[in-house]
Amino acid sequence: MLKNTHDGYGWLSIVLHWLTALLVFGMFALGLWMVELDFYNPWYKDAPHYHKSVGIVLAVLIGLRLLAKVRQTSPSGLGKSWEQTTAKFVHYTLYVGLSSLFLSGYLISTADGRGIEIFNWATLPSMGEWFANQEDIAGEIHEWLAYSLIALVSVHALAALKHHFIDKDTTLIRIIKPLTQNKDIT
Amino acid sequence: MKKTLLAAGLLSLLSFSSLAADYVIDTQGAHASINFKIKHLGYSWLTGGFNQFDGKFSYDAAKPEASSVAVTIKTESFDSNHADRDKHIKSDDFLNVSKFPEAKFVSTKVENLGDGNLKIMGDFTLHGVTNSIVIETQKVGEGKDPWGGYRAGFEGTTRIALADYGITYDLGPASTYVELMLNVEGIKQ
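The listed protein sequences derive, respectively, from chains A and B. The opening position of the first sequence corresponds to residue 409 in the working numbering, with each subsequent residue numbered one higher. The opening position of the second sequence corresponds to residue 1021 in the working numbering, with each subsequent residue numbered one higher.
Just so you know, the hints here were simulated from the structure itself, not pulled from any lab data. Computed from a predicted structure; not experimentally measured. Heads up, none of these hints are tricks.
The calculated lysine-lysine pairs, modelled on BS3-like cross-linking and capped at a C-alpha distance of 27 Å, are:
{"#": "1", "chain 1": "B", "residue 1": "Lys1124", "chain 2": "B", "residue 2": "Lys1059"}
{"#": "2", "chain 1": "B", "residue 1": "Lys1076", "chain 2": "B", "residue 2": "Lys1129"}
{"#": "3", "chain 1": "A", "residue 1": "Lys453", "chain 2": "B", "residue 2": "Lys1059"}
{"#": "4", "chain 1": "A", "residue 1": "Lys453", "chain 2": "B", "residue 2": "Lys1057"}
{"#": "5", "chain 1": "B", "residue 1": "Lys1076", "chain 2": "B", "residue 2": "Lys1139"}
{"#": "6", "chain 1": "A", "residue 1": "Lys496", "chain 2": "A", "residue 2": "Lys477"}
Chain B regions said to be covered by chain A (calculated; three or more residues, Cβ under 8 Å):
{"#": "7", "segment": "1099 to 1107"}
{"#": "8", "segment": "1186 to 1193"}
Even glycine gets a Cβ: it sits at the ideal position worked out from N, Cα and C.
This is chain A alone, in the form it adopts within the complex (with noise of 0.2 Å):
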């Protein structure tokens, strides 16, 4: 039940997968409403504070699915061919996307040798700068990705929705819940 089968996957990876979900929308809500915030705004300070700490927990999240992943059998593919092939670009340019998001974001924060708190509990250290005007230039990649990372992922999300609605398959069930053998398959 907790891990992943030929068929479903396992509890592991389905809390993981929608925590990532949680924390993305809100990540991406949450980095959209604090940088118009004016200076006088009581969250000026907090807001950027929170969406870099839980950034950092993110990306260890991230981490430890991939891990979670490599480590265990994941279930095989649903639909047609061309279906599945575009499932896995899709899933492999989701990780890819969100750590390049987190590495640029790092790169805003630490481009002057400050290292990024961690809620207060720690601090991330500064590996100083990479290149010239690297809070711009990793700015403007990590709001661009964040746009485009969205954008993918309702496409992530209508698939499986059109696989749940009209294909009447499992692929939105099994993530959902873990799958027992030749049972909950309709």
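Given the structure of chain A, go ahead and fit chain B onto it with the hints provided.
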């Protein structure tokens, strides 16, 4: 014919030497800096500067009012020693450096106040807006350097209101203006 040319050449050389000497601002050796300070909430001064700029001036101690100066600043070199703040200041909320990559000052008139004190009037362009400003300037010193050159240096201050340059982001009532502190050393050409 040759003699006339030679005489004309000598004459022009002579007349040039009687004019103010031209100096290139020593940004190469970083013996010049463009610094600013602005109040943070009205409780303290926040300082920073522009790291990349170049310029030249002409100056003659015997005739200071004939001096002139021109400086071009790369706005993306804004640095207040804090990456997140620098990113914000360089964004379109403030300097909008991608749209306005350069700021510049070109003197229009110099007034000699005596004792090495000068009033430099000129056009300052920032954020795409040009206003005339006055830089209160004092000569720090001039003379030979140990490596065969000749240098002259000045310090100057001026104060600009952000709104005059179309920068209207609200930083509070104490932070509507910026003090500029300029240190310039030129190498005689």
